[in-house]
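Please construct the entire structure, taking both the sequences and the accompanying hints into account.
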Amino acid sequence: EDKVVQSPLSLVVHEGDTVTLNCSYEVTNFRSLLWYKQEKKAPTFLFMLTSSGIEKKSGRLSSILDKKELFSILNITATQTGDSAVYLCAVPHSGGSNYKLTFGKGTLLTVNP
Amino acid sequence: NAGVTQTPKFQVLKTGQSMTLQCAQDMNHNSMYWYRQDPGMGLRLIYYSASEGTTDKGEVPNGYNVSRLNKREFSLRLESAAPSQTSVYFCAVPPGTGVYEQYFGPGTRLTVT
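So the protein sequences, as listed, match chains A and B. The first sequence: position 86 = 86 (our numbering), numbered continuously. The second sequence: position 20 = 1020 (our numbering), numbered continuously.
All the pointers check out, no bait thrown in.
Lysine to any residue pairs mimicking SDA-like chemistry, simulated, CA-CA at most 20 Å apart:
hint, chain 1, residue 1, chain 2, residue 2
1, A, 40, B, 1038
2, A, 3, A, 64
3, A, 57, A, 46
4, A, 41, B, 1103
5, A, 3, B, 1039
6, B, 1009, B, 1088
7, A, 3, B, 1061
The hints are simulated quantities; they were obtained by calculation from the structure and are not laboratory data.
Right under this line is the structure:
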């Protein structure tokens, strides 16, 4: 059974800090790893990583995958209060012609002013 | 959330009552998914549908039924609601065929007393 473990489960920082969120996985037939951001509503897609060592970047957020050690990190630099959210990682696995997602429990990030 | 709508947004039920959660998409995609989200638990797959007329169980299907009568709509039914089904329910649709990410609807917050 596929497994996704995120750490830490929660994190409180001050504006301007840099944070690193972790996601480790155990999955048969790895295809990719996805990161989502969830504020007080539905998750929104951030990144998809398929290749080891290639950084994906969007503004102050970046993410990288290590397929040898089976983990990914999400970095947020110069955090702002608007970064406060739950960050979820997920791995897809095949269900016939479809891809179901297995999610980790998420990391609750709180950025204080 | 573009292209995925859910109704209702909120619902309170008494134990034993039934209700149907509705999801509709205008992305013209074959696959649709129902998840539930509980505090500290990430998202867990309840049921999914690969195409019109087909449905399959996910990780936590007990107590639920689904119906995919046409390509656009995928409904989730609670026949006899229990307090353990208090949760936030999300419908999700991939943006294309053979892609891993999923777009989520706005969610339905259900409370069973």
